[in-house]
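Chemist: The opening residue of the sequence shown carries number 54 in the numbering used here; numbering runs sequentially from there.
Please keep in mind that the hints were generated in silico from the structure rather than gathered at the bench.
Do not take every clue at face value.
Simulated DEER-style distance windows between Cβ atoms [unchecked claim]: (1) Lys93 <-> Arg127: 15 to 23 Å; (2) Arg127 <-> Ala81: 33 to 41 Å; (3) Glu70 <-> Thr157: 42 to 50 Å; (4) Ala161 <-> Glu70: 34 to 42 Å; (5) Glu177 <-> Thr103: 28 to 36 Å; (6) Arg127 <-> Gly69: 23 to 31 Å; (7) Ile186 <-> Arg74: 39 to 47 Å; (8) Ala81 <-> Arg152: 32 to 40 Å; (9) Lys93 <-> Arg185: 30 to 38 Å; (10) Glu174 <-> Asp136: 13 to 21 Å; (11) Glu84 <-> Leu135: 16 to 24 Å; (12) Glu134 <-> Ala168: 14 to 22 Å; (13) Ala184 <-> Phe73: 39 to 47 Å; (14) Leu188 <-> Asp104: 35 to 43 Å.
Only pairs whose alpha carbons sit at most 20 Å apart, straight line, appear in this in silico DMTMM-like list of lysine to aspartate or glutamate [unchecked claim]: (15) Lys93 <-> Asp104; (16) Lys93 <-> Glu80; (17) Lys105 <-> Glu70; (18) Lys105 <-> Glu80.
Where a beta carbon is used, it is the ideal one built from N, C-alpha and C, also for glycine.
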Amino acid sequence: MMDAEPAPEPGEDSSGESRFRAFRQAEALVESRRPLDALKALEPLLEDETDKPSVQLLAGRAYFHSAQLRRAERAFTRVLELDPTDHYARFVLGRTLQRLGRLTEALAQMRIASAMHPIPEYLEAISEVNARIALRD
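Input sequences plus hints: build the corresponding full structure.
Modeler: Written as structure tokens, this is what we have:
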């Protein structure tokens with residue numbers, strides 16, 4: 054569900070190629086459930102590419118999967134500052150808020166994500182959060 058990081062331009066220097074490789078390596082590490090290793094691979098990108106939504110989204114996913122929820126929240130919020138139309142960032146921000154126990158905020162983010170891109174995963178998450186809110190009340 055992630056946007057692909059663009060390939061370096063043909064004339065781009067080797068540091069651009071190494072950043073691209075670091076991104077791909079981190080992406081593979083997140084997919085193989087090694088979020089701490091992914092964050093280590095992302096370190097240079099997080100320092101140099103703070104305004105790249107794809108880098109922030111990948112970092113947010115790694116933070117989320119390593120239970121660094123406040124950092125995940127900051128990363129996903131940054132993605133949405135850069136690209137408010139990113140439904141997936143909005144959804145995983147909602148999941149993060151859910152894990153933080155902020156169910157009303159989570160539900161709002163998930164509803165927006167679902168309105169933007171109504172897929173079953175989003176609708177199921179909304180139902181789950183609604184049920185938890187109902188149990189809490």
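Chemist: Would you mind marking each hint as holding or not holding in the structure?
Modeler: Now the hints, each set against the structure:
Range check, Lys93 to Arg127: about 18 Å between beta-carbon atoms, so the 15 to 23 Å window is met. The beta-carbon spacing between Arg127 and Ala81, approximately 24 Å, falls outside the hinted interval of 33 to 41 Å. Range check, Glu70 to Thr157: Cβ separation about 45 Å, and the 42 to 50 Å hint holds. About 40 Å separates the C-beta atoms of Ala161 and Glu70, a value consistent with the hinted range of 34 to 42 Å.
Separated by about 33 Å at the C-beta atoms, Glu177 and Thr103 satisfy the suggested range of 28 to 36 Å. Our hint of 23 to 31 Å for Arg127 and Gly69 holds, since their Cβ atoms are close to 26 Å apart. For Ile186 and Arg74, the hinted distance range of 39 to 47 Å is satisfied, since their beta carbons lie about 43 Å from each other. Between Ala81 and Arg152 the C-beta distance comes to about 24 Å, which lies outside the given range of 32 to 40 Å.
At about 34 Å, the CB distance of Lys93 to Arg185 agrees with the hint of 30 to 38 Å. The hinted range of 13 to 21 Å is satisfied by Glu174 and Asp136, whose Cβ atoms lie roughly 20 Å apart. Taking the beta carbon of each, Glu84 and Leu135 are about 23 Å apart, inside 16 to 24 Å as hinted. In this structure the supplied range 14 to 22 Å holds for Glu134 paired with Ala168, their Cβ-Cβ distance being about 19 Å.
About 42 Å separates the C-beta atoms of Ala184 and Phe73, a value consistent with the hinted range of 39 to 47 Å. The beta-carbon spacing between Leu188 and Asp104, approximately 40 Å, falls within the hinted interval of 35 to 43 Å. Only pairs whose Cα atoms come within 20 Å are accepted, and Lys93 paired with Asp104 is accepted, the gap being roughly 19 Å. A hinted pair counts as satisfied when its Cα atoms are at most 20 Å apart, and Lys93 with Glu80 qualifies at roughly 12 Å.
Between the alpha carbons of Lys105 and Glu70 the distance comes to roughly 16 Å, so the proposed pair stays at or under 20 Å and holds. At roughly 15 Å between alpha-carbon atoms, Lys105 and Glu80 fall within 20 Å of each other, so this suggested pair holds.
Going through the hint list in order, the structure does not satisfy hints 2 and 8.
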